[in-house]
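2 protein chains.
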Amino acid sequence: MYINRISHYLPTNVVDNEYFTELNNLSSEWIVERTGIRERRKAGEGENTNTMAIAAVEALLQEIPYSKNQIDLIVGATYTPYDTIVSLAHAVQHHLNIPDIPVVSVSSACSSLLNAIELAEGYFAMNKASCALVIVADHNTAYNNENDTMSGHLWGDGASAMLISKERQTEGDLFIRKIITGGAATSGKAVEAVVLRPNERGVVMPYGRDVFQNACTYMPKVSQQVLEACGLGIKDIDYLIPHQANHRISLNVINTMGIPEEKLLSNIQRLGNTGCVGCAIALSENKDRFKKGDRLVVTVFGGGYSYGAMLIEV
Amino acid sequence: MYINRISHYLPTNVVDNEYFTELNNLSSEWIVERTGIRERRKAGEGENTNTMAIAAVEALLQEIPYSKNQIDLIVGATYTPYDTIVSLAHAVQHHLNIPDIPVVSVSSACSSLLNAIELAEGYFAMNKASCALVIVADHNTAYNNENDTMSGHLWGDGASAMLISKERQTEGDLFIRKIITGGAATSGKAVEAVVLRPNERGVVMPYGRDVFQNACTYMPKVSQQVLEACGLGIKDIDYLIPHQANHRISLNVINTMGIPEEKLLSNIQRLGNTGCVGCAIALSENKDRFKKGDRLVVTVFGGGYSYGAMLIEV
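Here the protein sequences line up with chains A and B, keeping their order. In terms of this note's numbering, the first sequence is numbered consecutively and its last residue is 344. In terms of this note's numbering, the second sequence is numbered consecutively and its last residue is 344.
You can trust all of the hints, since none of them are fake.
Identical copies look the same in the list; a pair holds intra-copy or inter-copy alike.
Derived DSS-like pairs: lysine-lysine, alpha-carbon spacing no greater than 27 Å straight-line:
(1) Lys158 x Lys208
(2) Lys208 x Lys196
(3) Lys208 x Lys251
(4) Lys158 x Lys251
(5) Lys98 x Lys219
(6) Lys196 x Lys158
(7) Lys321 x Lys196
(8) Lys251 x Lys98
(9) Lys293 x Lys208
Just so you know, these hints were derived from the structure itself, not from any lab.
Okay, chain A solo, but in the shape it has when bound (with noise of 0.2 Å):
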């Protein structure tokens, strides 16, 4: 299957490592030294998963290679939902006026983008459908404790679209040649150590050591997986987009895959752990730097545990 266009949304406001200095007593570089974030971005009043969602399609549309009444299938992901009955899914469904299409949202934490996009490989599997667009967006400081001294400066919001075709449409289709997605509940501390109960309070992460413990193996792991599913190997991967998650992990990630740091597409510094949309995001950003017979490892780790891995051929 072929990623067709890639757009993503960002909200204006942006907060400062001097925000959290102010509100708690963290210095700049304290969290620059142990997250590597700078700065991220803040949804504004009004705002929330549903409209920067739509917000992502808007921007897509812009340049979208056919009609839009030829998308057969939404899927939309995010585990900080604005409303969990009327998904983000179904919202940009009545934005775009398509009617009678399967239209569904899935939560797998930080990974989830590779679980929606597996849906949608599913649904070409079935004959069901044959051009999917696939949402992703976490509107996380609305389930943040800023106060949260521990966890509070790491979230930013966010969101990104993509058309995705069982076919090759256009010359510049990005092809997506493998996806594998794991569940890791039975790992760790996985089902304590990032948890959001929207009754209880909102995003916590009491175990951040094995959180980065577990992001550090998998992402790995799941890389070489999906290489050697494609008989290739680490020298054949000319960009690795991790989990934008804090950026001592990803350095991990490429220390322990013997990859020069040239090759990692970051967005952490900017835009804080924006949840399963940072890889899409830095997908988006880079499209143009990407070219002819490139390939790429998308690889995504998230709370629960889940991971996973994606092979693109520019």
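Chain B: place on chain A using the hints.
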């Protein structure tokens, strides 16, 4: 694909209509006349979407026809999450201790059961799984405002689990011949009629009449589509299991379709609206009633809006 086993879990705490007479001055006769509901179950202290999902899986495992380690996909569905990061699917994976298989949770509100099964169908079509555990759970009372005189008395809690395999496993398997799902967020008051915004307030249903009308339109329509796709007609149906939202909706659906009331399977009277779980509980509760050769249609409708139908052959 085939349903090998199905189970359900219901909390023990029964809430009768008199509870709402005391609370909201609604007579039991008035509730029964308008909804058919006489009582519903309410999760107890310490119970939630994830614990109910695990309880349903425990009930399932008592009669599983093969090793639990053959399960190679876990799909959860809920719109009333206990944890949006550690989803019910992850909680079940952790409980079963089956590592490294795809694990994902979906939501299309009350129609999520069929979206979850269709997701499994997609993994089967991709040859990425052959034996899926599908769990649906809704903890409506966690998000319900009991003082809401419009919809506070409608909701009940419960969970159901089913094993679904690509190939037949036992003589008693239920054959899923066809599934169709669709989003209808373009219809009526789809994006405002039933909402659950965790950061605002619980589930509210300000446009019950619009929900009623669309449910009564879409369930007969998609049931007909599923039958036509199989070269069958209304007369070929032995049982109809519509979404258990309101007995008046169910009666309207069978009247529209020309199905006699003895072919309608209901639990709304005893359980209220158990969200995406209602139809699964009806399948589970009636499994010993079905005879070889029987044909069942399960049809769902949910806020958002979304709809679906599934033809099962016993």
